[in-house]
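Taking the hints into account, I'd like the entire structure generated from these sequences.
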Amino acid sequence: MLSLPELQARIAATLFGDVTASPATWIRADGIAPELRLAIYRNNLEEGFAKTLALEFPVMQRLVGEDYFRQLALSFLTGHPSRSGDLHHVGAPFAGFLREQFAGTAYRYFADVAALEWALQECLVAGDDEALDPKALQTVPPRAYPRLRFALRSAARLLDSSFPIVSIWEANEPRAAAPEIIDLAGGPEFALAHRLSGGARITRLSAGEFALLSTLARAEPLEAALDASLARDPDFDLGVALHRSFELGVFAHVSVSPGCS
Amino acid sequence: MIPAHLQPARARSPRPGERAAEAGPALSAGVGLRAPHHAEILARRPSVGWFEAHSENYFGAGGAHRAQLARIRDHYPLSLHGVGLSLGSTDPLDTNHLREVKRLVWELEPVLVSEHLSWSSVGGRYLNDLLPLPYTEEALRHTAARIGDVQDALGRQILIENISSYLRFECNEVPEWEFLSALVRESGCAILLDINNLYVNSMNHGFDAYSYLYGISTAAVQEFHLAGHTLTRCGGRDIRIDTHDSQVADEVWDLYRAALQRFGPRPTLIEWDVDIPALSVLQAEAAKADAMMEPLRVVAA
Chain E
1 MLSLPELQAR IAATLFGDVT ASPATWIRAD GIAPELRLAI YRNNLEEGFA
51 KTLALEFPVM QRLVGEDYFR QLALSFLTGH PSRSGDLHHV GAPFAGFLRE
101 QFAGTAYRYF ADVAALEWAL QECLVAGDDE ALDPKALQTV PPRAYPRLRF
151 ALRSAARLLD SSFPIVSIWE ANEPRAAAPE IIDLAGGPEF ALAHRLSGGA
201 RITRLSAGEF ALLSTLARAE PLEAALDASL ARDPDFDLGV ALHRSFELGV
251 FAHVSVSPGC S
Chain G
1001 MIPAHLQPAR ARSPRPGERA AEAGPALSAG VGLRAPHHAE ILARRPSVGW
1051 FEAHSENYFG AGGAHRAQLA RIRDHYPLSL HGVGLSLGST DPLDTNHLRE
1101 VKRLVWELEP VLVSEHLSWS SVGGRYLNDL LPLPYTEEAL RHTAARIGDV
1151 QDALGRQILI ENISSYLRFE CNEVPEWEFL SALVRESGCA ILLDINNLYV
1201 NSMNHGFDAY SYLYGISTAA VQEFHLAGHT LTRCGGRDIR IDTHDSQVAD
1251 EVWDLYRAAL QRFGPRPTLI EWDVDIPALS VLQAEAAKAD AMMEPLRVVA
1301 A
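For the record, the sequence lines run as chains E and G. Numbering-wise (my numbering), the first sequence opens with residue 1 and increments by one. Numbering-wise (my numbering), the second sequence opens with residue 1001 and increments by one.
Source of the hints: derived by calculation from the structure; they are not laboratory data. Beta carbons: idealized from backbone N, C-alpha and C, even for Gly. You may find that some hints are simply not true.
Residues of chain E clear of chain G, computed beta-carbon distances all greater than 12 Å [stated by the list, open to error]:
#1 Ser3
#2 Ala13
#3 Leu15
#4 Thr52
#5 Asp67
#6 Ser82
#7 His88
#8 His89
#9 Arg149
#10 Asp160
#11 Ser161
#12 Ile181
#13 Ala185
#14 Val256
Taking lysine to any residue and the SDA-like style, the derived pairs with C-alpha atoms no more than 20 Å apart in a straight line are [stated by the list, open to error]:
#15 Lys51(E) - Ile1241(G)
#16 Lys1102(G) - Gly127(E)
#17 Lys51(E) - Arg1034(G)
#18 Lys1288(G) - Arg1266(G)
#19 Lys51(E) - His1244(G)
#20 Lys1102(G) - Ser84(E)
#21 Lys51(E) - Leu1093(G)
#22 Lys1102(G) - His88(E)
#23 Lys1102(G) - Asp128(E)
Under 10 Å between C-beta atoms, here's a sample of chain E residues computed to sit facing chain G [what the hints assert, rightly or not]:
#24 Arg37
#25 Ser84
#26 Phe246
#27 Glu247
#28 Gly249
Here's what the structure looks like:
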């Protein structure tokens, strides 16, 4: 008789398809062959996994079609099985998998699209920290502005891609009309995944805005962020960009770092 | 006795669930809480005895679903039903998963907390499915200890649900009802008796469902589940799969009636997870359960 750990290990190995020694000997036939009984569980595993992935990556599914997406999901399952009792986590390594899978091909943009979709998933369940009220800046003397440090909200993720990922996402998200033709050479594009009044969404950022926010996200002061933005876009308007960032509820917290100005 | 670290830091006003918890079996039938119904429940406050949420659907730091669940909890008794703790696995218990459950229990003060008699992971890889255990002394000792650990961490008793299964092990030493009864004795847990799972297994594995009902103690059973299943063919034979995608079958209602005779009224839940219908369809199923419980309540009173 197998011990409990051995029995579970053999069944799991059979269901994940990585072993030849079947646990069939330890399963009662009762009129249905043990292999067929195990196949029910293998089907549950594959269906549950593929369905969860499809719910997390609807744009990727729309881009490649349901049949091919299912193939991709099963291939992904082989190397990246769920590592949690909470199935929602399965999509975390999907963008990395696509990056490897399609490296050097015309479909390199899949990985960036998947990263954008995963950012959206993370925003759905990120912490509920409130958006910073712009009035918080009223008490800051203008000479201290260069030393301002902004913390981004939990439900805010920044992504950039050499491909037009926001255009691709907008044309293929579940509510979109028939997909339009998108020029893959139309990048780079910059995106903010965030949550506003309960709903997660994708917002297009300019190159300057992305440079500003991604520098601030690294806990660097506003002066450094402005330098980064101007390097990307000489016409960058800091006032307009900060105003929009507040409107989008990007910031959670502001502080003035010590130092002379 | 609730451990100090689980006690509320400040007094809270009584919630409907706290009152309902005292009422216990008098709860009218409940409905499995699914996200597509959140907004309607909050807007319309439909007449439903209680809701049962899948704990894992509300893990994470925040978000709309979690906020909606907290608001629903303000108006209805709530049960937390886990699907991912993998109590029967010989992997170490996932402490992060348990911490998330604990946080929900702390925040939502559910009437009932439950998990499954099953395993799901080996070596950190999860099948995210409910796999059956062999009913052996070794599995009993292991699972009872794990349930004990979870109850200690949560500071309360949990209910363990019998699952639908599509295979049985040669090494089984006792029938499932004896295994469950022993778990209750060893760990102090209670039983969530899923009537549909019991029916599905009795047909798939060819045992007498009524012997099962009379094989477990009446005090141990503290909740019933009802759901739909699908009849399909496998290897030239009929097999019933627990699909939660349809109304409760007539044969399952018959078995439920027998369970009510045996155990008396208990909080009863309608589950529906695939092709989720309008809330009114679930309410109608719940009303059917209530109508069966009602005569027994009169006798009990």
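Of the hints given before, which are not true for this structure?
-> 1, 2, 3, 4, 6, 7, 8, 21, 26, 27 and 28
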